[in-house]
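Work out the full structure, taking the sequences as your base and the hints as a guide.
Protein chains in written order, with this note's numbering: chain A, 1 to 299; chain B, 1 to 651.
Calculated directly from the structure, the hints in this document are not laboratory data. Predicted model only: the values in this text are computed from it and were never measured. The beta carbon of each residue, even a glycine, is placed where N, CA and C say it ideally should be.
Label-pair distances were calculated between CB atoms; the ranges are: (1) B/A567 to A/R176: 24 to 34 Å; (2) B/Q315 to A/P129: 22 to 32 Å; (3) B/N408 to A/V284: 30 to 40 Å; (4) A/R286 to B/L119: 25 to 35 Å; (5) A/R176 to B/N425: 22 to 32 Å; (6) A/R176 to B/Q624: 41 to 51 Å; (7) B/P127 to A/L228: 19 to 29 Å; (8) A/L187 to B/Q624: 37 to 47 Å; (9) B/S133 to A/L187: 25 to 35 Å; (10) B/R371 to A/V284: 35 to 45 Å; (11) A/P129 to B/P311: 34 to 44 Å.
Spelled out, the chains give:
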Amino acid sequence: MGPFLQYTINGLTVGSFYALVALGYTIVYGIIRLINFAQGDLTVVGMFLGWSLLTQFGIRLLPLPVALFLAFLIPMLGTAVTNVVILQLAYKPLLKRSLLAILITALGASLVLQNVVRLIFGPQIQAYPDIVPLNGFGIGPAHVSYLQVVLFAASILLMLALYLFTQGTPVGTAMRALAVDHDAARLMGINVDRVIQIAFVVGGLLAAASGVMLGIYYIQIQFNNGFLLGLRAFTAAVLGGIGNIPGAMAGGMIIGLLESYTAGYISSKWQDVVVFGVLILVLVIRPMGLFGERVAERM
Amino acid sequence: MQAAPPVRERVAFGWLRDTRLGQVWTRLPFWLRTMLLGLVAALVLPAYGDDYWTRVAVGAAGFAILGLGLNIVAGYAGLLDLGYAAFFAIGAYTAAILMVNFHWNFFLTLPVAVTVTGLAGAILGYPTLRLRSDYLAIVTLGFGEMTRVAITNCDYCGGPNGIINIPFPSVPGFTVDDLPATVAQGFFTQQDAFWVISIFLLAIALIFAYHLAHSRIGRGWVALREDEFAAEAVGVPTLRLKLLAYVMGGMWGGLAGAFFATRIYAIDPTSFTFATSVQVLILIVLGGLGSLPGVLIGAVVTVVGPELLRPVADQRILIYAIALILMMLFRPQGIWPAVRRKPKPFYGLEEDEPDKLAARILREHQEQEAREDKKHEGAGHKVAAVGEPILVVEGLSQQFGGVKAVDNVSFEVLRGEIFSIIGPNGAGKTTVFNCLTGVQRPRSGKVVFNGRSIRGLPAHQVAARGLGRTFQGIRLFRQMAVFENVMVGIYGKHRTMTWQALLHTPGERAEEQRTLQEARRWLQFVGMESASGKLATELSYADQRRVEIARALASHPRLVLLDEPAAGMNPTEKQELVTVITRIRDLGVTVVLIDHDMSLVMRVSDRIMVLDLGRVIALGKPAQIRENPRVIEGYLGRDDDEEDAIGAAGA
Ligand SMILES: Nc1ncnc2c1ncn2[C@@H]1O[C@H](COP(=O)(O)OP(=O)(O)OP(=O)(O)O)[C@@H](O)[C@H]1O
Ligand SMILES: [Mg+2]
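As structure tokens, then:
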């Protein structure tokens, strides 16, 4: 029972990061049906921006809350801008054309981001400073660090904010309308281009938010972390039903837990096999994912 | 999703084709041409190339085989596969284990590797058949990762270190090492031997891919890619074809993998990562999705390009990625896009005299009907005679959420009549069609067609039972030529097997010719022969509707369901449509028609059923319907003006 609780706590922490990245996938996918492969690498961009702020620009001299605030805010703005630039330069001209061409472009963008990070920050592993104390408290035999609590709470808050944003604001409603039918949305007077941009801004904000959290939690970071991260997050988004916001959150948590249990009870070597095995099993039973709705084809 | 704009017809090297030699050349069968070109390539490179570039060329040939395989899955069938490297890996490991642990000859491992990867294709394909394309992307990606992880963690496969000492291919009694040292070093090196083998394997892969692409199977794949629902509804067994695409794609990957194993001498899991899958995908998109020359060009570009960038080794991938993005932005259709239009699709076929055509179609149709009736009776089913009910619907209901789209609808359609269904928008007419044709599964109710229940059958089987249909929002296969669209309609009637298509046997060729001829006749029947070679998207609305009718008729159905065929037509076109509909009836095909144009419906129909809010509110002869107070109040009365206008213009 002891390790089980510990695995659950660790799994939920990691799962909440995955969920944040997965939300970036889901939001963009819901609107333009694009698997934005660059999302994982964008997270790494945010991770490195946060790292360089904390280690090279001396914001650590500021009081901790201010330093942390800046270490999140600036990377978030940076990745939001990057994401919109990628949209305008690379995806926009192709939106009306072949989906496969955009997919390839997204793969290209992912490679570009990854290599730019390598170029600027180097190929070696870098380490986040341990700015947040690692102590914590125990629940029975399990140990929970304050860091875990804070990060988990922060990501839940972000998700909640995003959910309220899509459900409660006019822009959010426009996003949901676009997810159903672009042309109809345009006819209703929705500025489609603007809404797509906003989705990319949100995707970018989420990327850096999760990136910096991951950095603080795992300490060690490298330019090519994006692939595995993106893969897990994308799997999470699909597991929950891609395009569906609560689905992405649940998917992220499930993947995090699966990973943690596999590492604990079997071997971390088999994480990928278990994660994908479960994904395939779920999709065979529910082709639209756990929370996705089955849309009947209209003829 | 919007399709790419139509691609202009390109006649590459047209002037060469017109020379004497060019004419002889074009008359040779494809396999012979490929083998001859392969022979030239096999001889030229060893004579001129140096070892380094020969090695690069061998790599390109290997990638081209991979590309041909993925092109079947992603290019033809339109199934996004992001884990294609898995097949490459399975093929390579199968061959390597057989060669190293069991001392098999390389050439003997090929069929085994290909069979094993074909099976792997089936295993991957089966659970994914019903998934939408984006979900497919992640599942295939997952399959690729699972395969890689499994290989890395499997001790028998050498774990992370892989398998080494994979022998060089040998022909009994001869190896390159046997060559006198002077020859081997100076002229025909081991790399040259690999080149010859790779060209031979590539030629075989190319020939089979070409044969498949130009068979009914290739046509079915493209139809499936363009519009899966429409393909299924006109008789293409889409699930089976998807599975076949995975199996075939897997086999090509296995071939490439086995060759890779022997060529590279030592394999380990790092050669089969997501990056490999992506490289193959990039290769085929860069070359031109679904285009065989495109695959070859794409292989050369993606393999040679990075080699040329070697001097800037550090920034190689960055430059490559930027080039890739630019390429997609400025030429998303690829370097050598696939062309589906044809200037003269029926070139070399015998002509049908226009006046004899109708008689000929009629005769064939009746012969076929008689044959089928006999079989049908032999199997113990009741055959509906003319004037007897051919389609019996009882208590049909369908519900979407809270909307009762179809509510307890019962009717009978008599063999040989024109039966119309009318009603206001949203009355449930199209939904009735969808429930009859197996596109949707009704909540409840009985559907009996020609003495047998068809409820719950998959749509392609319903089509095979003799129920053809058209769609309200035109659903032609957009990036296919008009004649091909009609040929897809005949899919269910094909009798040749997959192996015949692979080998392009005389029997298969003859059947293709017959199909082509038949497609032409149906196009003549609806007056569209002159547009046969165009892309479906290049036609006017009215013409597209006529092609859809030809496609629905092409399999000689017993009954056709036409969903608003007159929508968007002008009065002249409507008049022509009336002629076509009556001619269909004259063939002996029963017609069920949905339309909003009252004057047209009144003119052609034998009986009319009126639906409102999913319920039948009237059923009878046109005169009775016109007088029925409920119909006047509920439907006819509403758009009086429009009806008068159309009636006046059409008269
Ligand atoms: N796939 C679907 N999902 C949800 N509702 C549907 C679906 N298909 C049809 N409906 C609803 O069912 C009802 C009947 O639709 P249907 O398309 O059968 O009408 P129709 O008589 O063909 O109308 P029209 O003349 O406009 O073509 C409508 O309320 C429609 O909105
Ligand atoms: Mg309709």
